[in-house]
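Per this note's numbering, the sequence shown starts with residue 936, numbered consecutively.
Don't read these hints as lab results, they were simulated from the structure. Computed from a predicted model, the values in this text were never measured in an experiment. Here a beta-carbon is modelled for each residue, glycine too, at the ideal position from N, C-alpha and C. Take the hints with a grain of salt, since some may be wrong.
[Stated by the list, open to error] What follows is a list of derived Cβ distance ranges for each label pair: (1) A1166 <-> D1263: 20 to 28 Å; (2) T1255 <-> F1135: 26 to 34 Å; (3) P1275 <-> Q1046: 52 to 60 Å.
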Amino acid sequence: MKRVFPWKGLSLGLLVLGTITMDATPGYGARRTPVEQLQQTQACRRCDLQELDLSGAQLQGVDLRGANLNQTNLEGANLEGANLEGAILTQTNLQQANLSQAIVVEGQLGQAQLQGANLTQANFNFARLGRANLEGAQLQGAQFLSARLNRVNLAGANLAGADFRSASLDGADLQQVRWSQANFQGASLREATLRGSSGFGVNLNRANLVNADLTDVMLPEGRLTGAVAVAAIFADADLSGAALNLGDFQGADLSGANLQGAVLSETLLMGAVLRGTNLTYSYMFGANLTGAQLQGTRFSGADLTGVLFRGADLTEADLTDAIIEGADFTDAVLTGATIPQV
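Using the sequences and the hints given, assemble the complete structure.
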C-alpha cells in the first residue's frame, strides 16, 4: 500500500527542484521528512522512502546511499548520476527510468521492474538483481562485475560493451540481446536462454554455459576459450572465426552451426552433435571428437592434426584438403566420407 502525503499529486520533478516550495525552515525542534531533506540537500542517506510514488521525479545526482526504496514507484524518474550504493530497491518500479551513470554498487534490486530503463554507463558491481525485469533496457557500457542476476529478464536489451565479468546469470533470459564487445569472462550462464542474440567480439572466456540455449546466436569472432558448455545448444549459430580452444563442449549440439575458421584446438567435443556443421578452414589440433555425430560435416581445409575421431559417425563428411596427420579414426563410421590420403 502506497503512503499518502499532503503533496500527493504534485509534480515531484518540481518538488525536488524546489520550484514548488514547501516550508524549508521547519520550526524549532521539527524534523524534516525524508522528502524535505532530499529537496533541501539533494541527499538522503539511509532514508526510508519505501512505497512512495516518485514517478517522473527529477533526481539527478542525488545521494541515496543505503536508502530504502522498497516497492517505491520511480517509473520515468531521472536518476542520472545518482548514488544508490547499497540502496534497497526490491520490487521497485523503475520502468523507463534514467539511471545512466548511476552508482548502484551492492544495491538490492530483486524483482525490480526496469523494463526500457536507461542504465548506460551505470555501475551495478556486486548488486543483487535476482528475477528483475530488464526487458528492452539500455545497458551499454554498464558494469555488473560479480553481480547476481539469476533468472533476470534481459530479452531484447542492449548490452554492447557491458561488463559482466564473474557475474551470475543462471537461468537468465537473454533472447535477442545485442551484446557486441560485451565481457562475460568467468560469468555463469547455466541454463540461460540466448536464442537469436547477436554481437561481435563477445568475451565468454571461461564462462559456464552448461545447458544454455544459444540457438541461432551470432557470435562471429567470439571468445570462448576455456568455456564450459556441456550439453549446450548452438544449433545454427554463427561462430565463424571464434576461439573455442580448451573448451568443454561435451554433448553439445552444434548442428548446422558456422564454425568456419574457428579455433578448437584441444577442445572436448565427445558425444557432441555437429551434423551439417561448417568447420572449413578451422584449426582443431588435438581436439577430442570421440563418439561425435559428424554426418555431412564439412572439414575441407581444416587442420585436424591429432584429432580423435574414435567411434565418431562421419557419414558423408567432407574432409577434402584437410590435414589429418596423426588423426585417430578407430571404429569411426566413414560411409561416403571424403578423406584425403595421408
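The hints, checked one at a time:
1. A1166 <-> D1263: 20 to 28 Å: holds (24 Å)
2. T1255 <-> F1135: 26 to 34 Å: Since T1255 and F1135 have Cβ atoms about 30 Å apart, the given range 26 to 34 Å holds.
3. P1275 <-> Q1046: 52 to 60 Å: holds (58 Å)
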